[in-house]
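Please model the complete structure; the sequences and the hints are all you need to start from.
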Amino acid sequence: MTKSELIDFLAEQNPHLYQRDVERIVTTIFDEIGAALSRGDRVELRGFGAFSVKQRDARVGRNPRTGEAVKVAAKRVPYFKTGKQLRDMINS
Amino acid sequence: MAGETITRAQLSEAVYQEVGLSRNESADLLEAVLAKISDTLAKGQSVKISSFGSFSVRSKGQRVGRNPKTGEEVPILPRKVLVFRPSQVLKARISGGNADDAA
Numbered sequence: 307m308t309k310s311e312l313i314d315f316l317a318e319q320n321p322h323l324y325q326r327d328v329e330r331i332v333t334t335i336f337d338e339i340g341a342a343l344s345r346g347d348r349v350e351l352r353g354f355g356a357f358s359v360k361q362r363d364a365r366v367g368r369n370p371r372t373g374e375a376v377k378v379a380a381k382r383v384p385y386f387k388t389g390k391q392l393r394d395m396i397n398s
Numbered sequence: 003m004a005g006e007t008i009t010r011a012q013l014s015e016a017v018y019q020e021v022g023l024s025r026n027e028s029a030d031l032l033e034a035v036l037a038k039i040s041d042t043l044a045k046g047q048s049v050k051i052s053s054f055g056s057f058s059v060r061s062k063g064q065r066v067g068r069n070p071k072t073g074e075e076v077p078i079l080p081r082k083v084l085v086f087r088p089s090q091v092l093k094a095r096i097s098g099g100n101a102d103d104a105a
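Protein chains in written order, with the working numbering: chain A, 307 to 398; chain B, 3 to 105.
The hints are simulated quantities; they were obtained by calculation from the structure and are not laboratory data. It is possible that some hints are incorrect.
[To be verified] Listed next, the in silico DMTMM-like pairs over lysine to aspartate or glutamate satisfying Cα-Cα at most 25 Å (straight line):
1. Lys390(A) x Asp30(B)
2. Lys38(B) x Asp394(A)
3. Lys45(B) x Glu311(A)
4. Lys309(A) x Asp327(A)
[As the list claims (entries may be wrong)] Reference listing, derived: stretches of chain A covered by chain B, where coverage requires no fewer than 3 residues with Cβ under 8 Å from a Cβ of chain B:
5. 314 to 326
6. 366 to 378
Source: prediction; values computed, not measured. Every residue gets a Cβ at the ideal spot worked out from N, C-alpha and C, and that includes glycine.
Pasting the structure below:
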């Protein structure tokens, strides 16, 4: 399922809403999650899962093609941990 | 890091501010989004949200684990796990966002 299929589904479920409003709703949700993560905040959605940011230290990596050592800068990466309820749904 | 925790309340408030539906309806729509994503994943299908990331289900085979307390071998049954892969856009947004206050 893509974002636009998700929007189509919600628009069908909510015929009283304009398609463009449904689109803004979905966009807002994911934008807000992204904004929270870029502030270093955590987003916890009980039953679904939690988005957080993990710190990766600087390290010396290697170009796999040339074998040359390259410095990889420290960075922050988004991380998602599946919630219990969703994990159970996937395994049932 | 700011280190605050955002929950459904703040997300549905953002939807409320942005679209101007009632607070109740904003909360319902957020729930509908999460439910649809969950149902899709439960069917084993993946979910791709452009400029955010994709969720997919991966099957893990059976392997032998060990009870760390007793040392006893226990089989870990085959199961499915959810994998989230952030998009390049989200990665860039996060590694770029106040990287200076990370320390």
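Check each numbered hint against the structure and report the violated ones by number, ascending. Violated hint: only 6; rest satisfied.
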